[in-house]
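First to last, the sequence lines map onto chains A and B.
Mapping to my numbering: the first sequence position 432 is 432, numbers consecutive.
Mapping to my numbering: the second sequence position 23 is 23, numbers consecutive.
I should point out that these hints are in silico values taken from the structure, not numbers from a laboratory.
Warning: the hint list may mix true and false statements.
[As the list claims (entries may be wrong)] Covered by chain A, per the in silico footprint, the following chain B stretches (three or more residues, Cβ under 8 angstroms):
no., stretch
1, 138 to 144
2, 186 to 193
3, 222 to 231
4, 303 to 311
5, 567 to 575
Ideal placement from N, C-alpha and C gives every residue a C-beta, glycine not left out.
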Amino acid sequence: MTTNDFFQVALYLVVLLLLVKPMGQYMALVFAETPNRVTRWGAPVERLLYRLSGIRAEDDMSWRRYAMTMLLFNVAGLLAVYVLQRVQQWLPLNPQHLGAITPDSAMNTAISFVTNTNWQGYAGESSMSYLTQMLGMAVQNFLSAATGIAVLIAVIRGFVRRSSLSIGNFWVDMTRSTIYILLPLSFVMALLLVSQGVVQNFKAYVDVPLTQPIVATEVVKDTQGYTLKDAAGHDVTRDTPVRVQTLPMGPAASQIAIKHLGTNGGGFFNANSAHPYENPTPLSNFIEMLAILLIPGGLCITFGCMVGDRRQGWAILCTMLLIFVPLTFAAVMAEQAGNPVLHGLSIDQQASALQAGGNMEGKETRFGIAASGLFAAVTTAASCGAVNAMHDSLTPLGGLVPMWLMQLGEVIFGGVGSGLYGMLAFAVVAVFIAGLMVGRTPEYLGKKIEAHEMKMASLAVLLPCALVVICTAIAVLVPAGVAGIGNPGVHGFSEVLYAVSSASNNNGSAFGGLSANTPFWNTLLGVCMFFARFPLAIAMLAMAGSLAAKRHVPPSAGTLPTHTPLFVILLACVVIVVGALTFLPALALGPIAEYLMSGH
Amino acid sequence: MTTPTHAVRGFDRELILKAVADSFRKLSPRLQFRNPVMFVVFVCSVLTTLLWIQAIVGHGEAPASFIFWVSIWLWFTLLFANFAEALAEGRGKAQAAALRSSRKNVMAKKLAGPDRSAAITFAESSDLRSGDYVLVEANELLPGDGEVVVGAASVDESAITGESAPVIRESGGDRSAVTGGTRVLSDWLVVRITSNPGESFLDRMIAMVEGAARRKTPNEIALTILLAKFTLIFLLACATLLPYSIYSVQAAGKGNPITLTVLVALLVCLIPTTIGALLSAIGIAGMDRMIRANVIATSGRAVEAAGDVDVLLLDKTGTITLGNRQAVAFMPAPGVEEVRLADAAQLASLADETPEGRSVVVLAKERFNLRERQLQEGQAQFVPFTAQTRMSGVDIGERRIRKGALDAVERYLESVGSHLPPLVKRMAEDVARRGATPLIVVEGSVALGVIELKDIVKGGIRERFAEMRRMGIKTVMITGDNPLTAAAIAAEAGVDDFLAEATPEAKLKLIRSIQAENRLVAMCGDGTNDAPALAQADVAVAMNTGTQAAKEAGNMVDLDSNPTKLIEVVEIGKQMLITRGALTTFSISNDIAKYFAIIPAAFATTYPALNALNVMRLATPQSAILSAVIFNALIIIFLIPLALKGVKYRALGAGALLRRNLLVYGLGGIAVPFIGIKLIDLLLVLCGLA
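Bound conformation, chain A alone:
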């Protein structure tokens, strides 16, 4: 790891930490129960919106009603995005005259965007019209992020409220998340991105003649999307001379802003944040990385403010950093160390004034090792899934980091809202074990943790783990699953494991190498995404409902303090132990075996 790498990571962490506190305090004001300087300012807008949509803002919902409203609203969104993709050929703002999306791909994409996963089996510029991108993808980017925040706020209310039957109003939480947080931030960020060269227009794609024609070799696929094989079992390929390059256009900046802020990660273009029109400069790259962790980090502080003890928020944030920082450095170090296979071949992998050194395969030269390694860690710590480098080309250990960050349940920052409520499920488990060890019925934030809370927290922790291991098993057993694997051997297993981990934790980043736009993969990953998102959210809302109904137990010297470094370490250990113990065998057959076999 070079000094330059170190400073780039350190600078990112410092700026992030400077921003999370004001961001978190601002969001706490947005969701405060009493009117304040923030909500007073937006009150007329809120009132107008409520009147137009017939919402009674003062109506508090029970957890069941809150969960049902959330679910129905998201299913409605899912159907809208599906239909939009199926009929886009008849709708305006389609200068490239792109046709309808296949049913399985459209359903996969609809689930993907509604669940804040933003897994993309499709390539944006060659399949989605501008209208679909704006009305389908971008709108769901906002709504799925707002849903995550709303559910989190309801869960926090479970801890805050005493002997209460309600946990807030879903519509109000959605509205406030959108108009106070997501919209203003996206607006500012879109302007910043445009200033860096991100496109924002409705033009048709532009054809540019290449100064130097190239020959493209591509594999031939059948109608189902499977690679055709010849008699000898090799892939059938086709050579095409290329003289013209088509530059895609579109309203990209507005969608990319929320893609990062809402930890969505679904790129406007297929190459995602590696595309020069989506992430043109190191500065835009820095802004995009900051935007990913800004709200998830800030929400920790919001949590502390809302429960009336800021230290609780910092403790959760510290826990996340305790896992995130070492893993980030590990990823950057692994990439900077380069490829051991090339060591004997007199290839210079050392960093110098003239080259970044390390493993530059699959990375953009304008970002280099540190900004790519850091981006990979940030995007998988948060459930963003935007990528600025090819994760398939990361070194075994460099690839292990993003994969494991997802498998930890997307609770190290995680998705906006969903990451923190997932972390709270882990906190409940940690508090339970620690509470027993100090000889008291475990309490968290003054609420007793009993069988019902344990059941819901266990469900929330178990569900993503179960989806990953089961669906990976299905994928490697079924020929249709194995057919999508691009690389042979141990790396092929990593590709499958990564894809399923990504979908089952609502991350959405792709390792690459896996041909996932097939009916099998679209269906399997669609199921993963749906069941990772909604049952988990409902379990947490159920927990919030039972917590809200409980009385508050005042702390004493015998109460386990949950803001101390000791608790931070314990919580980190619980997250790591559950993650490690569940996935170690699978990881051993993937990246760990690959690492050990590649000459280490």
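For this one, chain A is given, so just place chain B on it according to the hints.
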């Protein structure tokens, strides 16, 4: 603490042998199904046994001997778990048997009414119903629980309490409750039966110690859910390993897929068998510790609640202070010699049989060697304490000695035409201000001086309260004294707060106000007037000497009738939770080493490079897997004493306690299996089993 005669201590041979037999009996699937973790082990044991039979027949997936040893040790894992439970139950059962022997069916003299002279009919004790009256005479067993309505007698209650000294039971007051199975030694009692057959105190006690009435406590249920979750995660992780392995073999083009035997071994090693095996033993042992502390809890829930107590209400007398106030100093009036005051005070107290009066006599003897004098009958006229005069004393010839409270003496002196010197009055007021009680001694019309009576705080009680404070428990002293006296004693004893001039209503109100802040209250009491407060408190320990009403209202009965026991009860409650938490942490931490043992072994044929993870350098894949399985089984045996004795509780703040237990059971749990598995592997190599 007295030791009950029926208490079973330690592990004697007979108990262990019985537990061994029971551990085989407990292998029935119906019993195993109740514990999700151990049920998985049960299924795995059956599966490996079938695999072994298959291997003998000749189509085995691995060498028959290897499957045999894995299978044997899986069965051992189950047996060890059963053994732990059987051992914990065994002690309870032995105690129950001892108790049951005292529940003989006796012939009772049933009376037609609450009168000794009422008509007597003979009835089996098992036919007595609540509300019946019985006559019990010397050397007869009480046929059931009840309340004395007429008479007084000495009763041998050793069958229940283990205390051999007889106790007095009489009608009225706080000593009217009698327990079935105890024996009247002298005199007779007319008792109103208060319990129906099968519901008596003895029945409840037997049910409790036998574990028949044991239901899972809320914490135990929550922990079982957590353990089930871990079991499910590992079950999925292991089950899906087979497809991964099949794919990897295809992808790598070499090796064999993981065998079922190895998968099962991995699964059993990973699921939290240690805590799963010991969970019920911990609960039973917790109840058992209560019983050995001579406290009978009506439910495990009550024991657990004791660990959560925030506020302890303690009676001053008997708990914080030694019995009653005692004379500690003579303070003569100006011009009076101290010895004269002491002499007069002793004379005035000779006939005073109250503890306070006795203490005056004792103090005079200690200070001036004044012997108790036998005063001639007729020569001395004792003046007893009355509510009107509020003084007592003696008239010896012309000497008229009186002692009493300040205002009473002032009035008396005025009535004889004298007055209390201002200096003596100030002395008395000073004593009162210190929290002690002044008694003024007067001879004739002259005030001789002041006797200082003081509550003596029990030795070591201050440290006990400091411990409580560190545990986060607030102590409140309850006393009938005035606030000034109460404050002084509270300060001396180091309690956090006090309730002075306490009435039953004030106690109840205090408990309710603490509970309104959502804090848990524990208290102990004996009298009928304590019953409402006992019923209201979250943890209520009734004294065995107390009334039936108090015993019914409480959720624990202290057979020793020692109010300080409350502190022990809290500690036992906490200890039970800590033991569960510590063993859970230990169990999960163990998994790390087991992974390092089994993963390289399981995939050695497919990816030999994974052998780099074999950090313990275990001899062969088979010995690695077998070592992990054996370690997993043996650790249960090693931890049985800890589960039964409980993790030692230290009165520390929650943070310090957590740090300590995490270091010991978390870090220890990571390190121990690395050493253990390596040692077992070395042994296996020595035995040629590797």
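Against the structure, the hints come out as follows:
1. 138 to 144: Since 0 is below three, the answer is violated.
2. 186 to 193: violated (count 0)
3. 222 to 231: Satisfied; 6 residues make the cut.
4. 303 to 311: holds (count 4)
5. 567 to 575: Per the Cβ count (3), the hint holds.
Checked against the numbered hints given earlier, this structure breaks hints 1, 2; the rest are met.
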